[in-house]
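Asker: Assembling the complex is the task here: the two chains are given apart, and the hints tell you how they should meet.
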Amino acid sequence: MDWPALALSLRLGAFTVLVLLPTGIVVARLLAYRQFRGKGYAEAFLALPLVLPPTVLGYYLLQAFGVASPLGQFWQAVFGHPLAFSFEGLLAASIIVNIPFAVQPMQRGFEAIPADIREAGACCGLSPWQVFWKIDLPLAWPGIVTGLVLAFAHTLGEFGVVLMVGGSIPGETRTIAISIYDRVQAFDDQAAGVMSALLLALALFALGITYALSRKVGRRHG
Amino acid sequence: MDSTGGLHVQLHQTGPIPLDVRLSCGEREMLALVGVSGSGKTTILRAIAGLYRPRKGLVICGGEVWLDTERGTDVRAYRRRVGLVFQSYALFPHMTALGNVVTALMHRPAAEREARARAFLAQVHLQGLEGRRPAELSGGQQQRVAIARALAREPVVLLLDEPFSAVDRPTRRHLRAELTELRQTVDIPIVLVTHDIDEAVQLADRICVIDKGETLQIGRPAELLQAPANPRVAAVLDLPAEGRPPP
Numbered sequence: 343m344d345w346p347a348l349a350l351s352l353r354l355g356a357f358t359v360l361v362l363l364p365t366g367i368v369v370a371r372l373l374a375y376r377q378f379r380g381k382g383y384a385e386a387f388l389a390l391p392l393v394l395p396p397t398v399l400g401y402y403l404l405q406a407f408g409v410a411s412p413l414g415q416f417w418q419a420v421f422g423h424p425l426a427f428s429f430e431g432l433l434a435a436s437i438i439v440n441i442p443f444a445v446q447p448m449q450r451g452f453e454a455i456p457a458d459i460r461e462a463g464a465c466c467g468l469s470p471w472q473v474f475w476k477i478d479l480p481l482a483w484p485g486i487v488t489g490l491v492l493a494f495a496h497t498l499g500e501f502g503v504v505l506m507v508g509g510s511i512p513g514e515t516r517t518i519a520i521s522i523y524d525r526v527q528a529f530d531d532q533a534a535g536v537m538s539a540l541l542l543a544l545a546l547f548a549l550g551i552t553y554a555l556s557r558k559v560g561r562r563h564g
Numbered sequence: 048m049d050s051t052g053g054l055h056v057q058l059h060q061t062g063p064i065p066l067d068v069r070l071s072c073g074e075r076e077m078l079a080l081v082g083v084s085g086s087g088k089t090t091i092l093r094a095i096a097g098l099y100r101p102r103k104g105l106v107i108c109g110g111e112v113w114l115d116t117e118r119g120t121d122v123r124a125y126r127r128r129v130g131l132v133f134q135s136y137a138l139f140p141h142m143t144a145l146g147n148v149v150t151a152l153m154h155r156p157a158a159e160r161e162a163r164a165r166a167f168l169a170q171v172h173l174q175g176l177e178g179r180r181p182a183e184l185s186g187g188q189q190q191r192v193a194i195a196r197a198l199a200r201e202p203v204v205l206l207l208d209e210p211f212s213a214v215d216r217p218t219r220r221h222l223r224a225e226l227t228e229l230r231q232t233v234d235i236p237i238v239l240v241t242h243d244i245d246e247a248v249q250l251a252d253r254i255c256v257i258d259k260g261e262t263l264q265i266g267r268p269a270e271l272l273q274a275p276a277n278p279r280v281a282a283v284l285d286l287p288a289e290g291r292p293p294p
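If you read the protein sequences in the order shown, they are chains A and B.
Plus 342 on top of the position in the first sequence (first one is 1) and you've got the numbering used here.
Plus 47 on top of the position in the second sequence (first one is 1) and you've got the numbering used here.
Keep in mind that the hints were calculated from the coordinates and are not lab data.
Careful, some of the hints might be misleading.
Simulated restraints, written as ranges between beta carbons of each label pair [stated by the list, open to error]: (1) A:422 x B:155: 22 to 32 Å; (2) A:557 x B:65: 37 to 47 Å; (3) B:282 x A:372: 38 to 48 Å; (4) B:230 x A:356: 17 to 27 Å; (5) A:535 x B:182: 39 to 49 Å; (6) B:212 x A:430: 50 to 60 Å; (7) A:372 x B:123: 14 to 24 Å; (8) B:62 x A:483: 34 to 44 Å.
Where a beta carbon is used, it is the ideal one built from N, C-alpha and C, also for glycine.
Extracted from the complex, chain B is given alone in its bound form (with noise of 0.2 Å):
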């Protein structure tokens, strides 16, 4: 396995919930992990977090390795310098928007603390709204808050657990333009996980299909919705089992 750069991961397990799962994705590269509810999706993602311990597996990233249970190695979720974005968002109650993204930047000294925090908003258009707790925003800022704050961790990998299921329509459009606009300033792997295959194929380089806890295929959205490698992963696409013709 190349480790030289980006994130690697060999998850291995038969059960409690069975995983077989081999990937990796590069810098600079959004790789989206595509599967039915239930698939496991979100177990590899807080696999890599560090909140989830497999019985086998590796996990590494920008060279450093986090997991390896054949070696007893096993960084504590603290200690991964992780950026991620709950499905609920998960932001702190009691504390205000800019509360959330400080808690994120305890690396850095307590001086420079706030205006990073600042510059974070900033970035993902909240200025003016720093003071507000998360009940006092909408579904939207809060998820903004949720990036911002997962930003300001200065991670080496950032990860996503279905962002935008938790808003309507026309903010889930609006928040996935603001993201592919946020691309153009990381350079970090960035992994989806999603179960809308539209949103994979207009978000992500590369597209990872996961059923019962098992890659099934990685490939560029539109190889996978041209050649599926099988009709299980035709199916978990929705795609007919001889795939899409080409447009």
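Isolated chain A (complex conformation) (with noise of 0.2 Å):
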């Protein structure tokens, strides 16, 4: 069992899930109620992660993120290291390789809220940020923590695009999907076997959350 490897993984999870929870839902929230121009466009190209090979995302990543790049250089002059193969570049990966799994749960969950409901709050006196704290937070949450539990397991099993943007350097960007591939190129089986056994049952259990809180949903709506 490679524990850094693991704790690694549940590091970056967590990072990931901090920052799109409060960008996701903004973004989700414009998604759900705004009509603008071009906005199917805008949802397809934050849907791109779901379909595009992670070789494809971590090539034009690790373009984005490399010495040659503006942000890389910008980056390498005000932190003193690459944004490439380092935690950081890793987790700017990962949260935009997340954000069509934490984003789309949560729009659905905002567009599940009945226009007169929050209609209803504005009649009641409550301004904007009153509608959402009082009337948005609370009926759109199972799909904001949808987002999130799948975006965390999602970070736990991301391989193609850790691999390309941080390589696997123990204790930096060796994440526990990079230690799994390791340990079988090295005919550690026992090993392998044991953090596969692990990322199986993360999983399993937050698809088990994600359909539960889909149940409520459709509940309180039904």
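Answerer: What follows is the structure in structure tokens.
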């Protein structure tokens, strides 16, 4: 069992979820409630990580984060180390890859709130901010939690993008998914088996939570 | 336009929903907006509440200008003191009946909200049901919560959008009687949207006939029934073109 790799994966998942919680809510609400030109293209762009091969996405992120890119040079100048092949680079990649996993369930959660209920909030004298706290969040939370659980579980299992952007630096970028691959390459089937079983259990647990929450939403609005 | 008291509304636009509206409703008066489905009644109500913005319009209530498109005034919905009972009631499903009413009392100090909310629920005969969520209430009880919530806002105008359409006939009769009773305690303009002529005649002081977003005629129920201004009014009221003979 590669404990440092598991700890790194959990840390990566936690930070990814921490960033995607507020940004996902903002983006999901925008997509759920606002009509604007090019909305379909915006949604398609955000959904790209679902269908792009991880190596393709990883390649572009590597190009964007590399020392030859403006972002990579800026990072190197400010923090003194490259963005690619670092935990921060891995985190940035993980956030981008997980946008659709977090945003789509959140968006569905907000869309499921009938428009007249939100309007009733305004007629009760609630400001848009109060409508968000008193109506949107309490009614959309199953979608929000589903998005975060999916993003967290997907972070633990992500392989292609992580390998492209982070490589396999122990303690820095070697996640549990990469570690499984390394253990198989080294014919250490027992360690690979234990870690695979752990990821399988975590994935089942995460999906169990999301399906239970989906039923909760269905019951409330049914 | 007299703007000292009551509600005064002028709305004009050619599309996407055509509107040519000019109406007013005095304090203590109930005005019924009558028209067939899709005639724009609910849009007028939404424009008064600030939930719909027409291209051109003027909405004055209680001497306060809520909308004046020529001067660029458009008070946001949550700043207009409107009590709106939605056709679907639009109760907050995650809150109890009490919670729904308390939510409309944010303009009051926190310490007195619950007691006031209980009083509003008692006024609509819902004592003992304060702790129930909307899903645990009947249609008639939900409607009462919606009315209590609208009154809790302490509005300067009460807007009722087809409030009896989702309940069965006996409950409807009962609720109409309760609304008539409630009117004795409320001294603000009340605008009732309905497609039911009998309901309008029974409840309203005056009726405003709407067709394709246009106010065709406003008058006392008996006047309208006896002398519809034109064949379009007669058609909306389901009358012969020359009107109904006096009883």
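Asker: Do residue 212 (chain B) and residue 430 (chain A) keep their Cβ atoms within the hinted range of 50 to 60 Å?
Answerer: holds, 58 Å
Asker: State, for the Cβ atoms of residue 62 (chain B) and residue 483 (chain A), whether the hinted interval 34 to 44 Å holds or is violated.
Answerer: Because 39 Å falls inside the window, the suggested range holds.
Asker: Could you say whether the range 17 to 27 Å given as a hint is met by the Cβ separation of residue 230 (chain B) and residue 356 (chain A)?
Answerer: Cβ of residue 230 (chain B) to Cβ of residue 356 (chain A): about 58 Å, so the range 17 to 27 Å is violated.
Asker: Could you tell me whether the CB distance from residue 557 (chain A) to residue 65 (chain B) stays inside 37 to 47 Å?
Answerer: At roughly 44 Å between Cβ atoms, residue 65 (chain B) and residue 557 (chain A) fall inside 37 to 47 Å, so the hint holds.
Asker: Indicate whether the distance between the beta carbons of residue 372 (chain A) and residue 123 (chain B) respects the range 14 to 24 Å.
Answerer: Because 19 Å falls inside the window, the suggested range holds.
Asker: Do the Cβ positions of residue 282 (chain B) and residue 372 (chain A) conform to the proposed distance bound of 38 to 48 Å?
Answerer: At 45 Å between Cβs, range holds.
Asker: Holds or violated: 22 to 32 Å for the Cβ distance of residue 422 (chain A) and residue 155 (chain B)?
Answerer: violated, 57 Å
Asker: Go ahead and decide if the range 39 to 49 Å is satisfied by the Cβ distance of residue 535 (chain A) to residue 182 (chain B).
Answerer: holds, 48 Å
Comparing the model with each earlier hint shows violations of hints 1 and 4; every other hint is respected.
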